Structures are given as C-alpha cells and as structure tokens.
Amino acid sequence: MGLLDTLHDQVDYSIPNDKTGEGSVVVTSVDALFNWARLSSLWQMGFGLACCAIEMMATSASRFDMMRFGVIPRPSPRQSDVIIISGTVTLKMASRIKMLYEQMPDPKYVISMGACATCGGPYWEHGYHVLKGVDRVIPVDVYVPGCPPRPEALLEGLMRLQEKVRQETTKTV
Amino acid sequence: MTTPEIRDILLENFDGKIGDYHEFAKSEYQKRYGSYIDVADKEWLRDVCLFLRDDDRLQFNSLLCLSTLDNNDSTLSVVYHLESTILRHVLAMKVTVPVTETEVPSITDVWPHANWHEREGWDMMGIRFVGHPDHRRILLEEDYPGHPLRKDFREPTFYHGMKVPY
Amino acid sequence: MPEIIDSHKIATRALTKEATFRAEKLEPRRVRTEEMLLNMGPQHPSTHGVLRLEVVLDGELVVDVRPHIGYLHRCFEKHTESMTYPQVMPYVDRTDYLASMSSGHGFALAVERMMGIEVPEKVEYIRVLFLELQRIASHLVAIGAYGLDIGAFTPFLYCFELRERIIEMFERTCGARFLYNYMWVGGLSHDLHPTVPELCREFLKESRKAHKEIVDLLTFNKIFVERTGNVGILPADVAIAGGASGPVLRGSGVKWDLRRDDPYSIYDRFDFDIPVGTGLVGAVGDAWDRNWVRVCEWEESMNIIEQVLDTYPYEDTTNVQAAIPKRIKPPAGEIYSRTETPRGEQGYYVVSRDGINPWRVKQRSPAFCNLSLLPHISRGCLVGDLIAIIGSLDFVLGEVDR
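Chains as they are written, first to last, in this note's numbering: chain A, 47 to 219; chain B, 4 to 169; chain C, 912 to 1313.
Keep in mind the hints are simulated off the structure, nothing from the lab. Only a predicted model underlies this, so the values are computations on that prediction, with no experimental measurement involved. Certain hints may be false.
What the hints assert, rightly or not - Straight-line C-alpha distance at most 20 angstroms; calculated SDA-like pairs for lysine to any residue:
1) LYS29/B - ILE1235/C
2) LYS1166/C - SER87/B
3) LYS34/B - SER1176/C
4) LYS144/A - LYS166/B
5) LYS154/B - MET994/C
6) LYS45/B - GLU104/B
7) LYS34/B - GLU1029/C
8) LYS34/B - THR5/B
9) LYS29/B - ASP1265/C
10) LYS45/B - TRP125/B
Start from the sequences, fold in the hints, and give me the full structure.
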C-alpha cells in the first residue's frame, strides 16, 4: 500500500465529535462566526484630537501594541470599523465628527476615550466652546475614563468592546 | 536700556502722545518685563511703532506678544510686548480704549507677526483693528455669538442644535 | 557652505500674497489649468492634530495655503479667570501636552517672579533635569512623527520606545505618564524618586546609541534628504519678523535661545551648545535643517542631563515644598514671563489684581506663531512637500488653539 493508505490507517474515525468531523468541517452558529470575525479585526480610524491621541499613539507603539488585538489604524473612515474619539470635542469639531461617523459603513462602533470625550472633562464648568461629551452628537459604545487613560485602560476598553461585539446577533440588523 | 529711558526717547519725538510709566518691581525680572508705558493717543500708535522699529537707538525688530485685556470699568486694553534681539532690550506698551469705541490701528505692516494675534484679539475681545488685511475670527466660527474673554460674556445655551452648558 | 546669519538685522520684507511665486520661475511656459481647492480637513493622518488647511492647487503645485485653526479651542484663558493659581496648573499642562513640564514651569516661574519667591537649590536642579528630559521626549515625538509623515514607520517605534523610558522616570516621581501637574508655584509636587538618577544614567547610555541609530537610519537617509532638503525655506529675516522661535528660528541660522540669551533657573551653570541650521544638505532654513536642529538639541540635552546628575546635591534633604507660600496671591501687577520650551519661546502674560484668581492669563504659544508662517514658506511647493513642511514646524494643536 502507499503512503496515503498508511496515513489512512493512523487517523481514528471512530470518535464522534460535535465540532469536528471528517474533512475539517466546523459547525457553529452564524452569530458566533460573524462576531468572532468582527471583534478580531476591528480596524480603527486614526482620529486623535488632543492629549489622549498621544496615549493612543503610545498604545499602538511597540510597548503596548494594539495591533496584536487586530486593531490596525486606517486613515479613512470608509475603511474602518471603530472610531476612537480621543480628546476634547469642541463645538466647531462636533459637526465634522458627525459627518465622519456617518461616512463609516455598518457595523460601526465608537469608543469614547478620556474624560473630555465622555463628559467634557476638566473643561466642563467654564468651557464655552467645549461639547460636554461626544455622546451629544454620536452614539457611544464604550467609555474609557481617565485624563489621559493609561494605555492599559484603553486596551481594557477595547476588550470590553470585543465582549459587546461577541453578544451581538445578526437577526436584527 | 530700561523702560524709562526708552520713554524719554519717545517723549522727545511724540510729546503728548505717550502716557505714564507704570512700574511693578517685586523682582528684577518683573521690573524689566512687567512695567509698561501707556500710549495716550491711539491714532499715533502706528507711527510710534514704526519709530520704535527703525530708530537706531531702539531697533525693536521683534514683536513678542500682543494681548488684550478687559479692565471691567468699560475700557479694553491692548498690550504690546516688544523686543530688540540686536540691542537686547524689551518694552511693554498699553493702549486703552472705551468699550463703546473699540478701534485700534493695526500694526501688521510694521511687524507681520501681529497678523494672527490681532485676529485673535478681535475674536476673543471684540477689538477692531483698523487696517488689518484679513479681519476675521480665527479660533471660533464666524457665527459664534459674542466675544468670550469679555467679563460680561454669557455662554449660549444652544449652538447649532447642541447644548452647550454641562 | 552658506554662512551662519548671526547678526539679527532685518530688512522690511512684506509678507503679502505678491511674494515671488516659485512656480513661475520653474516653468515659465506652461498650459494654464484651472485652480483647484483641496481641503486637508481636520481629520487627516499627517496634520498632527485637528488642523484644517485650505490648499489652492494648480495641478500639483501649491498656490496658496490657508490654515484654519480653532478646532481644539478649549477656552483655557477663560478658565484661568475662575480658578486659583494652583488650579490653573493642570490646564496649563494640557495646552502643550507634549511638553507639559516646560509649560508648567513657565507658568510657575511667571507667578514666582510676580511674588518674588526664590526656590531652593535642590528644586532648581530637579527642575532642570526634568525640563531637559521633557525636551528629549518632545523631540523624540517630533522626529518619530516626522518620519511617519514622510513614510518611515520604524523610527516612530524606536522613538516611542525610548520615550517610554523617560515616561517611566516621570511616573516613578509624580505618578502620571504625561500630564504631570508637577511644577508648582514655589516648588514641586513630589521629591525626586531615589531610583531616578540610576535609571537616568542607564537611559543616557541607551539614548546615545539610539541617537546614532536615528541619525544613520533617518536623518541622513537618502529618501529623507531628498524629501526634506530645499523644501520650505524660511529666511532669517522673515523668521524674526514673523515671530518664529525655537528650532524653527534656529533652523534658519539665527543663534537665539532663551536659555543662553535670557537665562532663567540655573541654566547659566551648565555648558551646552546652541545648534543652528547651516544648510548641510540644502539651503539654510529648509525643513531638513529644522529637523537637524531638533536632533542636535537632543544630544545637547543629554549633555546637560549628565552635568546635572554630576552636580546634583544628593545629600540635600530640603523639602521641595518648603518655599511654597500658604496662599498664592500675587500683588497687583503684570508680568510677561518667558521660557524656552521644545517648541520655542513660550510666554505668559499674567495680570493680577490682588485676588486669588488671576485677572488675565494670556499664553503666547510658540506653535501659534510658527504656524502663522506656514503660508509664507509653502507657496510654490508640491503637495508632498507641504506635508514635509508641516511636520518640520512641529506644532501641537493644544497650544495653537489653547
């Protein structure tokens, strides 16, 4: 007999298995598959506004490395899944953020990074040109507090977003 | 050269247009950089600045900063800080205008550095700089109501549909 | 080799729209096409923040650039009128967020000079040490991000890794990674952590190696030289009249540094050079020169840090908060106090009317003044050159917009 027959003898086909069977077939639900694909490759739009942008850049750099989570910075909103609003949103900038958010294709997610994007931050009291929280113009999925949040905190926020994506369903789109 | 000496040279040429010398001397540095002279007649501001720049004893070739100030007694001030990098002396000048007639000559053609500072002065304090080549707001949008750094400014409740206060 | 312009004499140059249009000199007989308005919007990977540039293009050549700022205007000056002097310090940090030690020091120095406070020796040494470390950190971001704009991704990672080491030293001392609120009026918030001098010496060894690496890998890289040499030439007289300062001014050959020409703190005790641009690979005052000044300043800062570590009074046990007054209430008066930050000359015009809040604080930010020169140095260049010029000016939008 040939090599292929020898291999054929070594593989054990007698054990039944839900997940795998002959010929590498995987059985899962559509939701699990889509969610796994989406959360493992959340491409972010590089949108740094202020000080938090530097912490976002430090998170993408080699010590904290956001790319190992599958997050690649893309320059255009049309090619990205998640937008990280890092920094203070001013009234002048708010309409542009809304425009950028509308340009992103579905499914899209928003991480509001830092105290300023969450609620106005240190500028909440006398800021006549500061929008007190980006959720006044776009819907936010995850809030990461801090001024600025540590890179580990941003990664935690990213992982919370991944948990949120894992719970999604394709039935209601 | 100290500020009183510069003021003496200016009084030789612009008698009646230069006001008092105000000194603050809690430290040597403050005496040099904080004390200022008033410019009594704002119409002569541009001529004074040209003289400061071109005179051989003074040679102020650099405008350090142009700030605006609200004195809360119905007057606004524009403060100029000048420096001569050649002769190593500094000067601070202040022009005061009433709130009802806030027009100050522009010095953009004397020191081009003043261009953006004067635009910011218009934006934040509402002082009109006559003769400025590009007189429009720089930091806020053109339709923002009011001039924020005035002491009687109240922030708007809504702006373009967005709620402004916390 | 073009000579260094050391004389500061200026001719009156009118910086108006009728400045010589370089394109006409390049190609006098060309088919005229229509001009196009391109918007490099507030969201752009290369504009270093939220800056909007309206670029008028004739084909690939830039006819005019109109910067629009204010997308990060956070009302800093209005906040200062309602806060006490110590409460203003975190806001000052957030204006120039890449060099918050320097900004904080500038404001602390302004109030100290208004009150006539003398800080202890030890505090001065720690301040200089951290200011120079902050200068290196800021220049690392500038050089790394500049490489990123040009298209080189690796130096960005190298520079950020080195910066993480500096941040670790700051974090051990005051707990924060990069907005420290460390320089207080009359002293510091925390004493120097005992492990920092040791870490600093190790860092200096690594930094010297990395400096040589960056010079070989990026600064003298043929592609980098081609893209940034002879681009965005800023003549010295235009620079002084236009209010440039810092590496932008020194890149044009003008040897003006506030640490030497208007000394503050204890900088007069240390021996360091002032690097200027000399047109090594192109004209004096081009984008490469400005970057070269930053690279050289990195080296000079390392020398200063070594001198500080050698002369630091290790046995001194004075409390770093000893000279901080119980109530920070400067007498009525004004001051314009300036220091040399990594971006240039930063000044604070503080007006006090004998209250616990300042009456007015105006921050003269170097980035605002350097950015106003952008239209004048980028007429007649290509769109790709425009990116190189923006990166070489090294501005931080938090400081431009306040």
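Hint by hint, here is what the structure shows:
A C-alpha spacing of about 16 angstroms is found between LYS29/B and ILE1235/C, which places the hinted pair at or below 20 angstroms, so the restraint holds. Pair hint LYS1166/C plus SER87/B holds up; C-alpha atoms about 14 angstroms apart against a cutoff of 20 angstroms. Under the criterion of a C-alpha separation no larger than 20 angstroms, the hint pairing LYS34/B with SER1176/C is consistent with the structure, at around 17 angstroms. Of the supplied pair hints, the one linking LYS144/A and LYS166/B holds, its CA atoms being roughly 15 angstroms apart against a limit of 20 angstroms.
Note on LYS154/B and MET994/C: the hinted pairing holds, with a Cα-Cα distance of about 15 angstroms set against a maximum of 20 angstroms. A hinted pair counts as satisfied when its Cα atoms are at most 20 angstroms apart, and LYS45/B with GLU104/B qualifies at roughly 12 angstroms. Restraint check: the Cα-Cα separation between LYS34/B and GLU1029/C comes to about 16 angstroms, which is no more than 20 angstroms; the hinted pair holds. The hinted pair formed by LYS34/B and THR5/B meets the criterion: a straight-line CA distance of about 9 angstroms does not exceed 20 angstroms.
Restraint check: the Cα-Cα separation between LYS29/B and ASP1265/C comes to about 13 angstroms, which is no more than 20 angstroms; the hinted pair holds. Between the alpha carbons of LYS45/B and TRP125/B the distance comes to roughly 17 angstroms, so the proposed pair stays at or under 20 angstroms and holds.
The structure fails none of the hints (numbered hints given earlier).
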